[in-house]
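K.L.:
The listed protein sequences correspond, in order, to chains A and B. Here the first sequence is numbered in this note's numbering, starting from 1 and rising by one per residue. Here the second sequence is numbered in this note's numbering, starting from 1 and rising by one per residue.
These are computed hints drawn from the structure, not numbers from a lab. Beta carbons: idealized from backbone N, C-alpha and C, even for Gly. Do not rely on the hints blindly, as some may be mistaken.
Some chain A residues judged to face chain B by a derived CB distance under 7 Å, without partners named [stated by the list, open to error]:
1) Glu-61
2) Asp-198
3) Met-199
4) Arg-202
5) Ile-203
6) Gly-228
7) Ser-232
8) Val-270
9) Pro-271
10) Arg-272
11) Pro-274
Pairwise CB distance ranges, derived in the manner of DEER restraints [unchecked claim]:
12) B/Arg-8 x A/Gly-53: 54 to 64 Å
13) A/Arg-272 x B/Gly-44: 24 to 34 Å
14) A/His-256 x B/Gly-121: 36 to 46 Å
15) A/Gly-88 x B/Glu-223: 30 to 40 Å
16) A/Ala-52 x B/Tyr-28: 50 to 60 Å
17) A/His-256 x B/Arg-240: 23 to 33 Å
18) A/Ala-257 x B/Ala-78: 51 to 61 Å
19) A/Ala-257 x B/Ala-14: 52 to 62 Å
20) B/Ala-133 x A/His-256: 40 to 50 Å
21) B/Glu-223 x A/Arg-272: 12 to 22 Å
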Amino acid sequence: MTEQAAPPADTSAADTSAPAAAVPPILALQGAGYRYHRGGLALDDVSLSIAAGESVGLVGESGAGKTTALRLLLGLDAPSSGAVLFDGEPLNRRDTAQIRRFRSSVQAVFQDPYSSLDPRQRIDRIVSEPLRSLGIASGREAAEQAASALESVGLDADVLRRYPHEFSGGQRQRIAIARAVVCKPRLLLADEPVSALDMSTRIQVIDLLQGLRDRTGLALVMVSHDLGAVASLCERTVVLRGGRVVEAGPTPQLLHAPAEEYTRALIAAVPRLPRV
Amino acid sequence: MSLLRIDRLSISSASAAPDARPLVDELYLSLEAGARLGLIGESGSGKSLTSLAITGLLPSGLAGSGSITLNGVEVIGADERVLQPLRGPVASIVFQEPLTALDPLMRVGRQVAGPIRRHRGLRGGALDTAVRAALDEVALPDLDRMLRAYPHEISGGQRQRVAIAIALASRPALLIADEPTTALDVTVQAEVLALLNRLVAEREMALLFISHDLAVVSSMVDEVVVLSNGVAVERGPVARVLSAPEHEYTRRLVASARALDNALEAL
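For reference, chain A alone in the conformation it holds in the complex (with noise of 0.2 Å):
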């Protein structure tokens, strides 16, 4: 994986990428910039790129261009400039076969449960959804997928029938973590996963993450402002701050010797817990 601040090039953020590049990285921005049309830019010259298996946190506060990027890398903005690339070719919108192949390979989780799951639908309509809008699957193997997706977020098949209104926000979150993982992608894009949860219930969302890509191997890019659950899920943290890539570097190496100033204001500013 490289992440680099442009310019200057960030060389130590390239030691740890994989053996000569003989397989493509599953996703990539390349020096990606976007601008409203109002001319504001959100992001400027923005490189990264996730391997499979690799877990990627992507940190900063408001306005920084998480989401954006976080939009670009799912497709669902084009770049103003510089490019995305899906198993090493620029992502092309309009191209439905590589689209096809994309949707199944890169899959999301949204920050409000509560917004993200279709409240007319059943829980087994909502988690079966990628598999027949993806052609991957319909009728009973679809349901017995759904219900193997509930059953690895924790969830039994006597959810299937009932309706999201039913469910808590961590339950919820499940529900849409088994959504994103029914097609078995390779990475899953997840926008602060854990933010609306209750603090109760954030830990057991992120164990089910890490344990997600225990089992699978699934790569991940998490966005958050909440650097405790950057620290707990992911390998690589990147820190952006008015659409630039501030620092990047391995997770543990970032938050106890910071480059920059920005990082460690950032990581002081964390409140902390009372030692015991």
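Given the coordinates of chain A, assemble chain B onto it according to the supplied hints.
P.N.:
Then chain B, alone, in the frame of chain A:
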């Protein structure tokens, strides 16, 4: 006489079945002048309803029973003539979301001036000076711009500072801070917490600090009450609650917070 005394407070929905569990269930707490207390709870715990009940602001459709006294004056069942003089000089609230707490159509200067005029009777030049002093006290920069700005024209942290200035304008004996930094970025949160800490100490106010975040609460208060589903399940010094939680719910809450905290440490 306690500044705030809550005795067997229950809050129920008027439309709920008679046997339904109340939203707040027989809560007791008291706060002396100048003291600080943390109210810890998650969504649905009843912590925000409690803060609204203290100032007689429960939404219609909800009914409180039991007793809440502010400076000895009963709040439950009191009418507006009794409540109005309590709001402001006795108890003031800072809410979680400053964008909805402030009037979007009114300039910041006028919003701060309102309570100062009402409670301190200032007019004209003296009022202008007091408004500037109030904004200066919450460390807002560029006062000339701030006074004329509408809430959408300033940052989230600045809006919350304005909300704090408004809450403090009436010189309350008790400040209720209901998740005052949850909507803010982490570096801004640190600044606003430091500001609250300083102002509460300088003015010797009592503080009821409401939050789901154990780390934030422990930086502001020494004593806490833990609310779960409307019931106070545990109370005591924050250090003891964090190191040896007794109730099963508190144990789960502390373990989760501790796990996230340790992730920043252990690696």
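K.L.:
Look at each hint and say if it fits the structure.
P.N.:
Quick rundown of the hints versus the structure:
1. Glu-61: At about 4 Å, which falls below the 7 Å cut-off, the nearest Cβ of chain B leaves the hint on A/Glu-61 intact, so it holds.
2. Asp-198: holds (4 Å)
3. Met-199: Status holds, d = 5 Å.
4. Arg-202: Since chain B brings a Cβ to about 6 Å from A/Arg-202, closer than 7 Å, the hint holds.
5. Ile-203: holds (4 Å)
6. Gly-228: A/Gly-228 check passes; min Cβ-Cβ to chain B is 3 Å, inside 7 Å.
7. Ser-232: holds (4 Å)
8. Val-270: Since chain B brings a Cβ to about 6 Å from A/Val-270, closer than 7 Å, the hint holds.
9. Pro-271: Because about 4 Å separates A/Pro-271 from the closest Cβ in chain B, which is inside the 7 Å limit, the hint holds.
10. Arg-272: holds (6 Å)
11. Pro-274: holds (6 Å)
12. B/Arg-8 x A/Gly-53: 54 to 64 Å: Because 56 Å falls inside the window, the suggested range holds.
13. A/Arg-272 x B/Gly-44: 24 to 34 Å: holds (27 Å)
14. A/His-256 x B/Gly-121: 36 to 46 Å: violated (56 Å)
15. A/Gly-88 x B/Glu-223: 30 to 40 Å: violated (58 Å)
16. A/Ala-52 x B/Tyr-28: 50 to 60 Å: Once the Cβ atoms are compared, 56 Å apart, the range 50 to 60 Å for B/Tyr-28 and A/Ala-52 holds.
17. A/His-256 x B/Arg-240: 23 to 33 Å: For A/His-256 and B/Arg-240 the Cβ distance comes to about 30 Å; the hint holds.
18. A/Ala-257 x B/Ala-78: 51 to 61 Å: holds (58 Å)
19. A/Ala-257 x B/Ala-14: 52 to 62 Å: Since the Cβ atoms of A/Ala-257 and B/Ala-14 sit about 58 Å apart, the hinted range of 52 to 62 Å holds.
20. B/Ala-133 x A/His-256: 40 to 50 Å: holds (43 Å)
21. B/Glu-223 x A/Arg-272: 12 to 22 Å: For A/Arg-272 against B/Glu-223, whose Cβ atoms are near 20 Å apart, the range 12 to 22 Å holds.
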